[in-house]
Amino acid sequence: MHHIYLHLLSKIMKKRTYLGLLLALLLNSLYTQAQVSKAEMQVSGLTCSMCQLATQKAVKTLDFVADIQPDLNSANFVITFKKDKIVNPDLLAKKVKGAGFSISKLVLTYTFANLKIANGTSFTYGAAQFSFLNVAAKTLDGATKITVLDKDFVSAGTYKQLASKGGESYRTGKMGNTRNYHIGL
Amino acid sequence: MKRFAIALVLLLGGTSAYTQELYVATEPASNMPQNALGIRLTQEAVFSNGYRAKIIPEAMIGLSKNLMIHQSIFLNNMQQSGFKANGGAFYAKYRFLSIDSTHSHFRGAVYAGYAAVNGVINAREISLDGDNTGWQGGVVFTQLLHKLALSGSLSYTKALNNKKGNLLPADFGSESLGYTLSSGLLVYPKTYRNYRQTNVNVYLEFLGKSNLGKNEHVLDAAPALQFIINSNFRIDVSQRVQLWSSMTRNQKNLLLLRLEYNLFNVL
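Heads up: the sequence lines are chains A and B, in that order. The opening position of the first sequence corresponds to residue 1 in the working numbering, with each subsequent residue numbered one higher. The opening position of the second sequence corresponds to residue 1001 in the working numbering, with each subsequent residue numbered one higher.
Treat the hints with caution; some may be incorrect.
[Stated by the list, open to error] In silico lysine to aspartate or glutamate, EDC-like type, Cα no more than 20 Å apart, as pairs:
(1) A:Lys57 / A:Asp67
(2) A:Lys57 / B:Glu1260
(3) B:Lys1190 / A:Asp71
(4) A:Lys60 / A:Asp84
(5) A:Lys145 / A:Glu168
(6) A:Lys105 / A:Asp90
None of these hints come from the bench; they were simulated from the model.
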């Protein structure tokens, strides 16, 4: 199902017509509903319950967030997303930064439908593209945990390490004009 | 020595990784969250010559993740009987450095402030906390080391004539250098269960000033006890102790009481 959809989407996108774009957006919104159900987020720099509450309240303002629960001793949060909304990881990072901190780990629970993956395999979710980085070839089916590896989602040290080996798309986080997230398992 | 080192590691690395940098006498290099509003009411009292006090209502706003501002009003009973407003102050802080890792961070910020005050200038100590009209610029760095939060600042203050024709006496210094060293420690709870748990923090701060070209110096110790209730309401109590002074001052051994309430995502 998923590869047929991707194939269709890329064909439509190639035509670059308004109608095509509209169709693509419509298809996209239909297909991607409820694919990201949950996230485990680790935040760096948190030092007090007041800071943690501020972070939690900032993330809660995002319209795709249904619920956020803190683990007060570990600086981790478990976020549940709304079923009918597209999850935007960049907006999560922006809210955490606004509260004065930064994300050091973001693990999303994504529901796959028999997707064959290998290093570099990409799929589209919302308006963004997700590409697998440093993974072994396998087939993903059902709810699977994926870790976002881009800048602002990993520690500064990890980013440096990955950027030194990664390609252009990892360093810029973009593929053409499209946001390109890099993910691991 | 080895035993001492182990004890120190155990003490600093204790059960909770949380530390506190919500200093009472100084500001940390960290900022308040973007779109947050804080309301403060501070009383600074000295009892050496009857009860003389300042009451300072203050609003604090997190404009962006790196920029925050304070606006305060000074009320006092020092130059008349009964409390009367005699000025106000504006303060802005910009965070330019932020290095995070889990449960620790290093932050750097620059700040600037301006105060306008009416009263007669009768002390050589320059204070933008309701005594002098003037401006200030400074830099502050805050580092978390396990359970201990350390912060240091360096500032320059320029005193001007006070408003309503109250001139800065010609023989008084008009420039001072300020330096502070602050430490903070979370003492309760050892393990968090929920946001409603009251946090208890202790602080010890050292506050120094020198009037430039005057050989006038002052050094205070400011121990403080802090309660954070419901993760948004803060009560501070601090009794300053003058360690050394070679200048006349209004702030000697002051007792500080402060209430602060924080609202998140209001702007």
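The hints, checked one at a time:
{"no.": "1", "hint": "A:Lys57 / A:Asp67", "result": "10 Å, holds"}
{"no.": "2", "hint": "A:Lys57 / B:Glu1260", "result": "19 Å, holds"}
{"no.": "3", "hint": "B:Lys1190 / A:Asp71", "result": "14 Å, holds"}
{"no.": "4", "hint": "A:Lys60 / A:Asp84", "result": "16 Å, holds"}
{"no.": "5", "hint": "A:Lys145 / A:Glu168", "result": "25 Å, violated"}
{"no.": "6", "hint": "A:Lys105 / A:Asp90", "result": "13 Å, holds"}
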